[in-house]
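Peer 1: Below are the chains, spelled out letter by letter.
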Amino acid sequence: MRKCFGLAALVIGWASSAAAQGALTDARRAGMGGLSLGREGGIERYNPAYRAVPARVTQRGQPKLTIPIPLGIIQFLHDHPNLSNDPAFDPKSTGFNPILVVNTILNLPLYLEVKQAPTPTNDVAFTIGETLFVANLGQAAELVPEDQFGISGSSRPLDPGFGFKGFRVGVMGWLHDDVELQLGDTLLGFLRDSQPARTNTRYSALVHGIVEGGFAPTVSYAGKIVGDSSGGLYVGGALHYYLGVGYARTDGDGGFITGNTIFGGANPVTPDGRTLTQYSKPGNTLGHGFGGDMGFAWVSGPIELGVGVNDIGATITWPDTRQDSAFYHDSAYSKPVANHVETTTKLPVSYIANVLYTIGNTTLGADILNTGQGSVVHIGGEQRLGLFAARGGIARDQRKRIEFGWGGGVRLGPVGFDVGFWTHTNSLSNERGITMATSLSIY
Amino acid sequence: MRARLICLAALAAVAAGCGQGRLIFNIDVFSFLHTSAADTLPYAGPLPPGVPDTIPVQTVQSLGIGSSSLVDTVRFSGAVDFVNATGTGNVLFAVYFDSVKSTVYTGTPAFSVSGAVTPGATTHSTFNIPDIQTTLKPLFTASTIYVGIRASATPTAGTLSGTAKLTALQARIVVQDKIF
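Keeping their order, the protein sequence lines are chains X and C.
For the first sequence, position 8 (counting from the first letter as 1) is numbered 8 according to the working numbering, and the numbering increases by one without interruption.
Each number in the working numbering corresponds to the 1-based position in the second sequence with 1000 added.
Worth flagging that the hints you see were computed from the coordinates, not collected in a lab.
Heads up, a few of these hints could be off.
Some, not all, of what chain X presents toward chain C, calculated at C-beta under 7 Å [claimed, not checked]:
1) V124
2) F126
3) T127
4) G129
5) E180
Quick reminder that beta carbons are idealized off the backbone N, C-alpha and C, glycines included.
When you get a sec, could you build the whole thing from the sequences and use the hints?
Peer 2: Laid out in structure tokens, this is it:
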């Protein structure tokens, strides 16, 4: 356990950070606040029309391969030379540092941290009496989320197929996961608003989690319906027949109930929770459902504009589902609710809108992406100066926080070296840290 | 005072109060003593043979946040009523803390408050101790602390008897954030 924890933190951190940053392994994107000027930013994933849009001849060539230079890992391993035995990452050690662990998870040390995001330095006060308990978390209370929070993702890990004259037939893998937590009013008031804990009161949080996956035979079309060799209007659409291999979902709430006194009595609090779990295991009858993607892209001279929507109406019917309920109060028990029943799940609808403007050696762009968890906005640009390029950008993340990016690069024939700086507030601080990304590109 | 919840409080502080901030615990000690009827102590002077001037040592589950934390300040404030029955003199109300139960009353008190008493009258004495002795501070990060109270009566003449009643006792414990 001890030896694995540090490495596990890194692995989890990679997934978390990658999800949060859109797997930002390209210093060029980092320098533009996460904006992608080419096709590598997932534009074809979310806008089926882009399958037919050729790369812009006026735009500087996009690299065939980008290799991140992980200077941050060197820095991290220098700071923690014996990670598997590092007490800061060992929960059993008195030197265990949960803040460092969380910061490591939220800010994967792939790139060099040139400015650490400072942690809050406020006092935390507790007022305690036999029937009184007040927690004043100071500024840290602002970090207690008022709304639902969690992590989610909807991905298409594989999409093999073949096509002819714009039509394409393939089989797409799909995976959807979502974990959400929402503090109840009483718990929220206690943690965020420093409301006194009340006797005989339930403090709880709602919990929702789902993971589902499968494959989807797909027929799609992408083509230009209007225009000439310099541009035109492109449309795309895809019809999926989703086949679900398995899914598991749990919905519940858990917490505790205070007693007649807050700190007196034999049982000051009683744990309390309940949940409904539903699942269809691999091997059960496949889930099924229809859904589709659609999009368009308009290219005219220096301007490129696109809008795409994914997983429209994608409701999966699972004909062979088992449902169990679990309850805990004085003791735990669970019981089957139903078996071999039909349930449904719904894939989140994703939207993307992008615009690109290229004139001379200058390229400006913007995109908005919403994958069901709030919109992410990127605005940025690149100015090429001979062998060199200067970049800048701004982004608004799903938490509606503004981040900045800037950087540059040099290209020598088939090899390019890029450096990008971007700010982040993923840590437990409201102040920004700055990360420096470096990467090599092969053209 | 239950250790579990106070440990939970400390853990919550660990989770939320990161950085160089301090953990501050404002504890209404009186509310716990009042419930267990340990807030009242008879006094007599001279002390009759075989009659103790102390309460049985109380075991209190404290913060339990570990030896790596540093207690910056332990402040006590409150009030004692000396409800005097007979005699004239002075009564000293002293509070002791120790990590070993058997030696609670052998050391010097953490703080004390005194009052001049007269027959049939109640003397109200308040106290405000900004900070206790440095050597006692580590006791408050341990999971268990032993508490004793002594009421010593010194008559000016004859005998003296009455009851010391604690009416308020607040503790403010400030811990430097070295929990990590």
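Peer 1: State for each hint whether it applies.
Peer 2: Results of checking the hints against the structure:
| no. | hint | result |
| --- | --- | --- |
| 1 | V124 | holds (3 Å) |
| 2 | F126 | holds (5 Å) |
| 3 | T127 | holds (4 Å) |
| 4 | G129 | holds (3 Å) |
| 5 | E180 | violated (20 Å) |
Of the hints listed earlier, the one the structure fails to meet is number 5.
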